[in-house]
Amino acid sequence: MASLPIGHRIRARRRDLGITQTALAGTLGISVSYVNLIEHDKRSIGGALLNRVAEALDLEPGALDGVQERRILDELAEIAAGSAGEAARPRPESARDLLARHEPWARALLSLHRAGIRDQGTIAALSNRLNQDPVLDASVNDMLASATAIRSVADILADAPDMDGVQRARFDAILQEEATRLSDVAQTLARAFEGGQTDVSGLTAPEEVDDFLYRRSNHFPALEAFAERLALDTDIAALAERLEARHGIALRRTADADAPRAPDPRTRTLFLPESATPATLRFEMARRIVALEGTDAVAAEIGNAPELASPAGRERATRALTAYGAAAIALPYAPFHEAAEALRYDIDALAVRFGASAEQLCHRFTTLRRTGAEGVPFAMLRANAAGYLTKRFPLPRLPMPRHGGACPLWVVYAAMQTPDLRMARIAEFPNGERFFMLARATRPPASAYGQTRPAHALMLACEIVHADRLVYSDGLDLSATGRADPVGPTCLLCPRAACTHRQEASIRIGTS
Amino acid sequence: MTKRILIAEDERNIAESLRFLLTRAGHEVSLAADGDEALAMLRRAPPDALVLDLMLPKRSGFDILKTLRAADETRALPILMLTAKGQANDRRTAEDLGVDAFVTKPFANDEVVETVARLLDGGGHG
Numbered sequence: 001m002a003s004l005p006i007g008h009r010i011r012a013r014r015r016d017l018g019i020t021q022t023a024l025a026g027t028l029g030i031s032v033s034y035v036n037l038i039e040h041d042k043r044s045i046g047g048a049l050l051n052r053v054a055e056a057l058d059l060e061p062g063a064l065d066g067v068q069e070r071r072i073l074d075e076l077a078e079i080a081a082g083s084a085g086e087a088a089r090p091r092p093e094s095a096r097d098l099l100a101r102h103e104p105w106a107r108a109l110l111s112l113h114r115a116g117i118r119d120q121g122t123i124a125a126l127s128n129r130l131n132q133d134p135v136l137d138a139s140v141n142d143m144l145a146s147a148t149a150i151r152s153v154a155d156i157l158a159d160a161p162d163m164d165g166v167q168r169a170r171f172d173a174i175l176q177e178e179a180t181r182l183s184d185v186a187q188t189l190a191r192a193f194e195g196g197q198t199d200v201s202g203l204t205a206p207e208e209v210d211d212f213l214y215r216r217s218n219h220f221p222a223l224e225a226f227a228e229r230l231a232l233d234t235d236i237a238a239l240a241e242r243l244e245a246r247h248g249i250a251l252r253r254t255a256d257a258d259a260p261r262a263p264d265p266r267t268r269t270l271f272l273p274e275s276a277t278p279a280t281l282r283f284e285m286a287r288r289i290v291a292l293e294g295t296d297a298v299a300a301e302i303g304n305a306p307e308l309a310s311p312a313g314r315e316r317a318t319r320a321l322t323a324y325g326a327a328a329i330a331l332p333y334a335p336f337h338e339a340a341e342a343l344r345y346d347i348d349a350l351a352v353r354f355g356a357s358a359e360q361l362c363h364r365f366t367t368l369r370r371t372g373a374e375g376v377p378f379a380m381l382r383a384n385a386a387g388y389l390t391k392r393f394p395l396p397r398l399p400m401p402r403h404g405g406a407c408p409l410w411v412v413y414a415a416m417q418t419p420d421l422r423m424a425r426i427a428e429f430p431n432g433e434r435f436f437m438l439a440r441a442t443r444p445p446a447s448a449y450g451q452t453r454p455a456h457a458l459m460l461a462c463e464i465v466h467a468d469r470l471v472y473s474d475g476l477d478l479s480a481t482g483r484a485d486p487v488g489p490t491c492l493l494c495p496r497a498a499c500t501h502r503q504e505a506s507i508r509i510g511t512s
Numbered sequence: 513m514t515k516r517i518l519i520a521e522d523e524r525n526i527a528e529s530l531r532f533l534l535t536r537a538g539h540e541v542s543l544a545a546d547g548d549e550a551l552a553m554l555r556r557a558p559p560d561a562l563v564l565d566l567m568l569p570k571r572s573g574f575d576i577l578k579t580l581r582a583a584d585e586t587r588a589l590p591i592l593m594l595t596a597k598g599q600a601n602d603r604r605t606a607e608d609l610g611v612d613a614f615v616t617k618p619f620a621n622d623e624v625v626e627t628v629a630r631l632l633d634g635g636g637h638g
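Chains B and L, in that order, are what the protein sequence lines are.
The first sequence begins at 1 in the working numbering and counts up by one.
The second sequence begins at 513 in the working numbering and counts up by one.
Worth flagging that the hints you see were computed from the coordinates, not collected in a lab.
Just so you know, even glycine gets a beta-carbon here, dropped at the ideal spot from N, CA and C.
You can trust all of the hints, since none of them are fake.
Some chain B residues close to chain L (C-beta under 10 Å, calculated; not the full set): (1) 140; (2) 148; (3) 149; (4) 174; (5) 377; (6) 468.
Could you put the whole structure together from the sequences, leaning on the hints where they help?
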């Protein structure tokens with residue numbers, strides 16, 4: 001391990017005490033040039049000499065142990081790793097020089113970095129608040145309720161001029177009460193948006209695509225129709241033959257697990273890793289077919305979608321819909337929907353029947369929204385081992401955070417502790433609504449010795465009223481009084497003041 | 513002929529205005545302020561029609577709807593669902609669970625009174 005740059009601290013302390021390098025060298029019994037080297041971090045010191053330096057400069061023995069410096073260097077390394085552009089990225093070792101020679105600059109950089117992180121948190125909170133804030137949700141409900149009462153009573157009063165005095169007085173009182181309530185709600189909303197000049201309109205491309213998929217309930221009829229028109233034999237050999245015969249693209253297996261998943265335009269060869277499972281092979285080939293033959297269907301779905309404001313958003317949406325088309329080919333709507341209902345969404349049974357992976361199946365479940373042939377409305381999310389949500393598809397009443405993690409009590413995180421075991425839970429949210437949640441953590445299959453294979457967990461969730469359509473709810477008490485885990489959306493938005501699992505303060509506590 | 517209507521609605525001012533409207537239309541009206549009370553009243557004395565709010569405390573409108581459709585004696589009970597969230601998903605879920613009609617708040621008084629009348633006459637969807 002490189003030595004820690006503590007020379008600057010020795011030099012600063014010596015100067016503060018008005019001691020010269022020569023005097024310090026005399027006290028320590030070493031040469032002046034050696035002191036100079038130490039102060040410029042050209043020599044690392046430890047043990048007895050370090051203790052003597054601390055003593056001579058009247059410092060606590062631990063003051064020169066370099067812990068502070070280590071912390072600063074770690075944070076500088078984080079800044080370097082996060083800076084944009086490979087070429088402009090500072091070299092990690094230069095952080096040590098910066099700290100040794102310009103400590104105030106290093107500290108100023110850290111202050112800026114921390115302020116940046118804090119501001120990002122604020123933006124994330126505001127963005128979450130705009131997208132799925134329960135305060136907004138509750139306020140809109142209250143406004144609608146007041147508006148309903150006012151409209152109905154006002155019509156009654158206008159309609160019934162001969163109403164008796166007592167009844168009329170009662171309805172007048174209702175109008176008065178609801179008008180007051182409406183004004184209270186307006187004030188609550190105004191408070192929630194205090195300081196609302198903050199610009200949170202800058203949605204990222206993934207967020208644009210999230211909104212696009214959500215507003216269309218993740219169902220795209222033009223792509224379903226495209227897949228049904230093709231009615232392909234989804235056997236791997238048949239798909240390979242179509243790519244070769246129609247597009248001159250040959251399929252080759254490669255030992256390179258990171259081979260690009262688009263054909264090499266020069267050789268017209270699609271390289272797929274040897275480690276790819278049959279489900280992945282089928283999906284990749286179907287994706288290629290959509291990219292070559294389904295561009296009109298993809299373009300028809302994207303059309304002039306207002307959510308896709310940026311070129312990056314449209315490009316990302318194109319990729320997402322190409323993958324959607326592949327799923328529609330590999331798991332054709334009508335037979336898949338029928339089998340899913342008949343097998344009660346049994347993922348293992350459907351995997352056997354359709355030769356698809358659990359993740360492909362779960363994705364496809366969320367797309368079963370065809371009018372007249374709807375599946376269970378599912379939310380889906382995928383979390384990595386660090387707790388971050390790496391894929392999300394929410395339901396109207398089951399919001400999912402866009403940033404960081406969800407409530408740590410969601411079963412998706414518990415599933416991480418016992419990979420391969422499917423866990424089913426009933427979760428109750430602070431507003432009393434209940435959801436059925438099903439999660440399993442898996443590790444990618446190994447294709448060589450020594451690979452890092454971090455697990456990720458996949459979760460499906462549906463409103464409790466649909467849970468009896470799932471094989472996984474058998475044996476659970478789905479009634480309103482049955483056992484349920486008390487959970488929240490995210491800590492930031494959760495009003496459960498007594499929760500011992502809270503990771504950050506809530507904007508819902510002490511603000512109403 | 514007088515029909516008995518149960519209104520399950522936790523917003524008491526909306527409930528009161530509905531009670532007035534349906535009483536004026538010649539019905540006998542009772543009120544339940546939460547999901548549990550509604551279910552208890554439904555079991556004690558099944559009405560001729562139910563006006564059911566979706567977002568009820570203790571037990572949601574969906575939950576009540578599902579319970580009623582699973583029991584022989586209430587399988588055919590005409591049910592009008594009210595919601596402050598007129599989202600397509602809510603409507604679809606309610607229809608999947610067997611609701612007869614669906615009205616979004618804020619409603620027009622005539623819409624509720626006429627829909628209840630239609631349900632009592634044996635008219636379902638549409």
